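Novice: Turn these sequences into a full structure, and let the hints guide you.
Note that the sequence shown ends on residue 554 in the working numbering; no numbers are left out.
Treat the hints as calculated values from the structure; they're not laboratory data. None of these values were measured; they are calculated from a predicted model. Be a bit skeptical, because a hint or two may be false.
[To be verified] Computed beta-carbon distance windows for the label pairs:
id, residue 1, residue 2, range
1, Met346, Ser409, 37 to 47 Å
2, Gln372, Ala499, 42 to 52 Å
3, Ala485, Glu535, 17 to 27 Å
4, Ala532, His552, 22 to 32 Å
5, Glu427, Thr401, 28 to 38 Å
6, Asp416, Ala499, 38 to 48 Å
7, Gly465, Tyr397, 30 to 40 Å
8, Thr377, Ala549, 38 to 48 Å
9, Pro406, Arg442, 40 to 50 Å
10, Ser409, Glu501, 37 to 47 Å
Beta carbons: idealized from backbone N, C-alpha and C, even for Gly.
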Amino acid sequence: MPVVFDCDGVLVDSESLAWTAIAAAMQHFGVTVTETDRGNLVGHPFEYEYEYFSKTADLPPIESVGAAISDEMFALFERHLEAFEDAKDTLEVLARRGVGLAVASTSARTRLDVSLRATGLADFITVSVAGDEVLAVKPAPDLFLRAAELLGVAPEMCTAVEDSPVGIAAAKAARMRVVAVDRGDFAPDELSEADVLVPRLTPALFHGS
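Specialist: Here's what the structure looks like:
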């Protein structure tokens, strides 16, 4: 059974680095990013973040803000981004078994490629889909449906791995079995729509793969 992974928060420990980059970039535009902001925005695409901050700040065009965030983020990722050890070990085992492995991420292609390359995870991934390559991002199912299409299988034959309510909803809408990994960003009851909730990833979770 093929497995489709979210990237940020599931495979790579990027959330804190990403928010450090966002906070640094937004400071240039007179915006102080709070923990409340972070909680409201986790799992959402950049366009949503831009609209969110635009409600309380007079921001320059979205392209300028995006470029500033990307510059901060990519510099941090290249130097400091790491894969979660449990995720890397699981990918390595599944890849050796010949399991089809996909990544379906709300992140733009440039960020996704940097994340997978900097952590060495690109070596294990069969296909990947980025948020700027589909019409609608999570909680819409488009990313997961496209990943299944690229893997050459029906969506219901896949297991999805997520860490957020938005991602779980997207995978469920794609008719996939969902494993949620609790990285501590959400209360367990917020992840309760998943078929399985675990504190860490292991190859045994995908015994049918």
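Novice: All hints, please: hold or fail.
Specialist: Structure-based check of each hint:
1. Evaluation of the 37 to 47 Å hint for methionine 346 and serine 409 yields a pass: the beta carbon distance comes to about 44 Å.
2. Taking 42 to 52 Å as the suggested C-beta distance range, the pair glutamine 372 and alanine 499 conforms, at roughly 46 Å.
3. Here the CB-CB span from alanine 485 to glutamate 535 is close to 19 Å, well matched to the stated 17 to 27 Å.
4. For the pair alanine 532 and histidine 552, the supplied restraint of 22 to 32 Å holds, since their beta-carbon distance comes to about 28 Å.
5. Distance hint check: the CB atoms of glutamate 427 and threonine 401 are about 33 Å apart, consistent with the given range 28 to 38 Å.
6. With their beta carbons about 40 Å apart, aspartate 416 and alanine 499 fall inside the hinted range of 38 to 48 Å.
7. Under the hint 30 to 40 Å, the C-beta atoms of glycine 465 and tyrosine 397, about 33 Å apart, fit the expected range.
8. For the hinted restraint 38 to 48 Å between threonine 377 and alanine 549, the CB-CB distance of approximately 44 Å keeps it satisfied.
9. For proline 406 and arginine 442, the Cβ-Cβ distance of about 47 Å falls inside the hinted range of 40 to 50 Å, so the restraint holds.
10. For serine 409 and glutamate 501, the Cβ-Cβ distance of about 42 Å falls inside the hinted range of 37 to 47 Å, so the restraint holds.
Going through the hint list in order, the structure satisfies each hint without exception.
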